[in-house]
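Student: For the protein sequence lines, the chains are C and G, in the order given. Residue 219 in the numbering used here sits at position 219 of the first sequence, with consecutive numbering throughout. Residue 15 in the numbering used here sits at position 15 of the second sequence, with consecutive numbering throughout.
No wet-lab data here; the hints were simulated from the structure. It should be emphasised that the depicted structure is a prediction, and the values quoted were computed from it without experimental measurement. Treat the hints with caution; some may be incorrect.
Claimed, not checked - In silico negatives: residues of chain C with every beta carbon more than 12 Å from chain G: (1) Leu-3; (2) Pro-41; (3) Leu-42; (4) Glu-101; (5) Arg-117; (6) Leu-173; (7) His-346; (8) Phe-354.
Stated by the list, open to error - Okay, the calculated beta carbon distance ranges per label pair: (9) G/Lys-11 / C/Ser-85: 40 to 50 Å; (10) G/Gly-21 / C/Asn-177: 37 to 47 Å; (11) G/Arg-31 / C/Ala-76: 25 to 35 Å; (12) C/Gly-200 / G/Gly-21: 22 to 32 Å; (13) C/Ser-278 / G/Glu-76: 40 to 50 Å; (14) C/Pro-414 / G/Lys-11: 19 to 29 Å; (15) C/Asn-362 / G/Arg-31: 47 to 57 Å; (16) C/Glu-48 / G/Pro-93: 35 to 45 Å; (17) G/Glu-76 / C/Ser-85: 42 to 52 Å; (18) C/Arg-80 / G/Glu-76: 51 to 61 Å; (19) G/Gly-21 / C/Ser-255: 20 to 30 Å; (20) C/Gln-357 / G/Gly-59: 33 to 43 Å; (21) C/Ser-278 / G/Gly-21: 45 to 55 Å.
Glycine residues also receive a C-beta, built at the ideal position from the N, C-alpha and C atoms.
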Amino acid sequence: MALLQISEPGLSTAPHQHRLAAGIDLGTTNSLVATVRNGVPLCLQDEEGRILLPSVVHYLPDGQVAVGRKAQVAQAVDPRNTIVSVKRFMGRGLKDVAHVETMPYDFVDAEGMVRLRTVQGVKSPVEVSAEVLRDLRIRAERSLGGELTGAVITVPAYFDDAQRQATKDAARLAGINVLRLLNEPTAAAIAYGLENASEGVYAVYDLGGGTFDLSILRLSRGVFEVVATSGDASLGGDDFDHRLFCWILDNAGISLPSDRDARRLLMKAREVKERLTSDDSVPIRLTLDSGDEVDLTLDRSVFADITATLVAKTLKPMKKALRDAGLEPEDVKGVVMVGGATRMPHVQKTVGDFFGQTPLTNLDPDTVVAIGAAMQANILAGNRAAEDEWLLLDVIPLSLGVETMGGLAEKIIPRNSTIPTARAQDFTTFKDGQTAMAFHVLQGERELVSACRSLARFELRGIPPMVAGAARIRVTFQVDADGLLSVTAREQTTGTEATVQVKPAYGLADDEITEMLKSGFEHARDDMELRGLKEQQVEAERVIEATEKALLADGNLLSDAERADLDAAIAALKSAAAGEDARAIKIQLESFNRASNEFASRRMDKSIRQALAGHKIDEIRL
Amino acid sequence: MAVTLSDKAAKHIGNFIDRRGKGVGIRLGVRTSGCSGMAYKLEFADEVLPEDVVFESHGLKVLIDPKSLPYMDGTELDFVREGLNEGFKFNNPNVKGECGCGESFTV
Numbered sequence: 001m002a003l004l005q006i007s008e009p010g011l012s013t014a015p016h017q018h019r020l021a022a023g024i025d026l027g028t029t030n031s032l033v034a035t036v037r038n039g040v041p042l043c044l045q046d047e048e049g050r051i052l053l054p055s056v057v058h059y060l061p062d063g064q065v066a067v068g069r070k071a072q073v074a075q076a077v078d079p080r081n082t083i084v085s086v087k088r089f090m091g092r093g094l095k096d097v098a099h100v101e102t103m104p105y106d107f108v109d110a111e112g113m114v115r116l117r118t119v120q121g122v123k124s125p126v127e128v129s130a131e132v133l134r135d136l137r138i139r140a141e142r143s144l145g146g147e148l149t150g151a152v153i154t155v156p157a158y159f160d161d162a163q164r165q166a167t168k169d170a171a172r173l174a175g176i177n178v179l180r181l182l183n184e185p186t187a188a189a190i191a192y193g194l195e196n197a198s199e200g201v202y203a204v205y206d207l208g209g210g211t212f213d214l215s216i217l218r219l220s221r222g223v224f225e226v227v228a229t230s231g232d233a234s235l236g237g238d239d240f241d242h243r244l245f246c247w248i249l250d251n252a253g254i255s256l257p258s259d260r261d262a263r264r265l266l267m268k269a270r271e272v273k274e275r276l277t278s279d280d281s282v283p284i285r286l287t288l289d290s291g292d293e294v295d296l297t298l299d300r301s302v303f304a305d306i307t308a309t310l311v312a313k314t315l316k317p318m319k320k321a322l323r324d325a326g327l328e329p330e331d332v333k334g335v336v337m338v339g340g341a342t343r344m345p346h347v348q349k350t351v352g353d354f355f356g357q358t359p360l361t362n363l364d365p366d367t368v369v370a371i372g373a374a375m376q377a378n379i380l381a382g383n384r385a386a387e388d389e390w391l392l393l394d395v396i397p398l399s400l401g402v403e404t405m406g407g408l409a410e411k412i413i414p415r416n417s418t419i420p421t422a423r424a425q426d427f428t429t430f431k432d433g434q435t436a437m438a439f440h441v442l443q444g445e446r447e448l449v450s451a452c453r454s455l456a457r458f459e460l461r462g463i464p465p466m467v468a469g470a471a472r473i474r475v476t477f478q479v480d481a482d483g484l485l486s487v488t489a490r491e492q493t494t495g496t497e498a499t500v501q502v503k504p505a506y507g508l509a510d511d512e513i514t515e516m517l518k519s520g521f522e523h524a525r526d527d528m529e530l531r532g533l534k535e536q537q538v539e540a541e542r543v544i545e546a547t548e549k550a551l552l553a554d555g556n557l558l559s560d561a562e563r564a565d566l567d568a569a570i571a572a573l574k575s576a577a578a579g580e581d582a583r584a585i586k587i588q589l590e591s592f593n594r595a596s597n598e599f600a601s602r603r604m605d606k607s608i609r610q611a612l613a614g615h616k617i618d619e620i621r622l
Numbered sequence: 001m002a003v004t005l006s007d008k009a010a011k012h013i014g015n016f017i018d019r020r021g022k023g024v025g026i027r028l029g030v031r032t033s034g035c036s037g038m039a040y041k042l043e044f045a046d047e048v049l050p051e052d053v054v055f056e057s058h059g060l061k062v063l064i065d066p067k068s069l070p071y072m073d074g075t076e077l078d079f080v081r082e083g084l085n086e087g088f089k090f091n092n093p094n095v096k097g098e099c100g101c102g103e104s105f106t107v
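Could you put together the complete structure from these sequences and hints?
Tutor: Written as structure tokens, this is what we have:
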């Protein structure tokens, strides 16, 4: 019979309706899947009892696809068809990918995302990632004895919309229902239960196999906000192995080992590195194919010395992230360690010294992200009682809005709004009889469109002709749980609608976001003044246009002299509006209003006379 | 009348309750649902209800509501591993028939 798991009180599932949920850490080097079973979060193993699945996919000529260790073996013999670290290509164009020339792949530049030509045809990074995800889904379903209801998949905090969308697409391709995407540092913080901890700032130090990420999170009211991210895309545990490998070559007097010897030495280096985490001193003994003998002993302190510069390289991103967030090391309440390389005692010590506190290391740094994702998935699948309900955990990093007249950015969803969210704002037409409206969707903190990032443009057509300002067009911004945006404009009387899904081909890098935020703060005053200027210019333009139209229709109400005065006032306002002085425009606007006052009241009299003409006085109800 | 836990089941339940950080024991029961009549209920228990029948097995409290007990008398809850999958299994002498998957049963 089917095997049962213990549910939370009152949450037993009906037969065949188990809410099986998993958390997936889709990593650059390794991927893993975790779940919550019997109330306990744990990583799921493959048939051989291993948790880590190398994120490697090998396309074979016979149409088969190998994933994980089997694929890793092929890396040396068939590098072109063995895709490693595909995460670097997700949602990226060819020009965004660093070090293309050193990679063994046959890249195909395609619109939006780079593609790879393999023996099985051209593959997109989405398809390659889907192979890894499919392997993990099958592992989860075999372990849990049923189909997955859904999964939470983690992504780096700096992933932009395009990279997040690509990850979602890969999951869908792998037959996974994505409950939501979760930022990796947030997942690690959840695994440590920090969302129940006191409010404040936390740092997540993630030193993986080949990448280093530092994230600063702020927890307030149970919501994690990513306030800054920083890192080094080419620094990780592998670099420590390499340093140790070089040390062995130097000290054993070996130069230019064969490929096979080099591989063996590198594996030995990794083994020694791992053993030095618990041992003070480790012997290195190896007989190479070349006949060379290696017989050395490495002390932990020597290892720390030869790799000190690598550890020091993580200090700069730490300082940068804190500076971006406007914080000092002592503002950080807790430090979470993620990634296998953070097991090294001297790494922990350096981080501890920097922040002046012992970092959190009691959870396995390799699995902590997947565990946090599994805990979140368990809740989203409905396996936790209502009183344990967690708040949503992510926020929008930059404000979203639209362009309005005068090249101003009107913010609709302010940054740091928790997601999912939806906000609407009403807009109206600028000109009489206007039947279409162009929308320009923007992201950023600045007041001027030119200083924000353009996300999309679309048009709403079929607005019934009305006088300027009469039409009501409701613009709704909706951001789903994964941070993906859709914008809808709807004309309220006819229900005519236009919608755009924002899937930018190229997104923002983390430091670009930080840069945009910073410039938003630095230019706050200039922006405010510029906004004032633009607003006055738009108002002047509107008044001039309305007056000129009125003159066309009712110019005969004015004497020639009066007409000349008004024309002069228009000219004066026009010249002020062309300038950059908001105050001057405002003054001109006021004097113009006085100048046109008489004309306006005569027009009003005329239209009242017209309205009354042919009616008896008692027919008029006042 | 009695309901018991196997050694393995007791070990795992004790472990899960410890890691969960709260709970007075485990609640078993049956519900009328499923493709073949009845379905088992297996939950953590945070409180003992006045009507609960309480058994002690390997030092753990096993709570059953009185209506479920006749369907489960003599049952042993076991913990088994089948390939990658592992979980709890009811060895219930009252069962006359099960649906194909064994998730629901008739007495």
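Student: Indicate, hint by hint, whether the structure satisfies it.
Tutor: Structure-based check of each hint:
1. Leu-3: Not fine: 3 Å to the nearest Cβ puts C/Leu-3 too close to chain G.
2. Pro-41: Incorrect as stated: the minimum Cβ-Cβ distance to chain G is 9 Å, not above 12 Å.
3. Leu-42: violated (10 Å)
4. Glu-101: Holds: least Cβ distance 42 Å, greater than 12 Å.
5. Arg-117: holds (36 Å)
6. Leu-173: It holds; C/Leu-173 is separated from chain G by about 23 Å at its closest Cβ, greater than 12 Å.
7. His-346: holds (32 Å)
8. Phe-354: Holds, since 32 Å exceeds 12 Å.
9. G/Lys-11 / C/Ser-85: 40 to 50 Å: holds (41 Å)
10. G/Gly-21 / C/Asn-177: 37 to 47 Å: violated (30 Å)
11. G/Arg-31 / C/Ala-76: 25 to 35 Å: Since G/Arg-31 and C/Ala-76 have Cβ atoms about 56 Å apart, the given range 25 to 35 Å is violated.
12. C/Gly-200 / G/Gly-21: 22 to 32 Å: holds (23 Å)
13. C/Ser-278 / G/Glu-76: 40 to 50 Å: Taking Cβ atoms as reference, C/Ser-278 and G/Glu-76 lie about 42 Å apart, which means the hint holds.
14. C/Pro-414 / G/Lys-11: 19 to 29 Å: violated (53 Å)
15. C/Asn-362 / G/Arg-31: 47 to 57 Å: Distance hint for C/Asn-362, G/Arg-31 is violated at roughly 39 Å.
16. C/Glu-48 / G/Pro-93: 35 to 45 Å: holds (38 Å)
17. G/Glu-76 / C/Ser-85: 42 to 52 Å: holds (50 Å)
18. C/Arg-80 / G/Glu-76: 51 to 61 Å: Holds - the Cβ-Cβ distance for C/Arg-80 and G/Glu-76, about 58 Å, lies within 51 to 61 Å.
19. G/Gly-21 / C/Ser-255: 20 to 30 Å: violated (57 Å)
20. C/Gln-357 / G/Gly-59: 33 to 43 Å: holds (40 Å)
21. C/Ser-278 / G/Gly-21: 45 to 55 Å: Given about 29 Å between the Cβ atoms, the range is violated.
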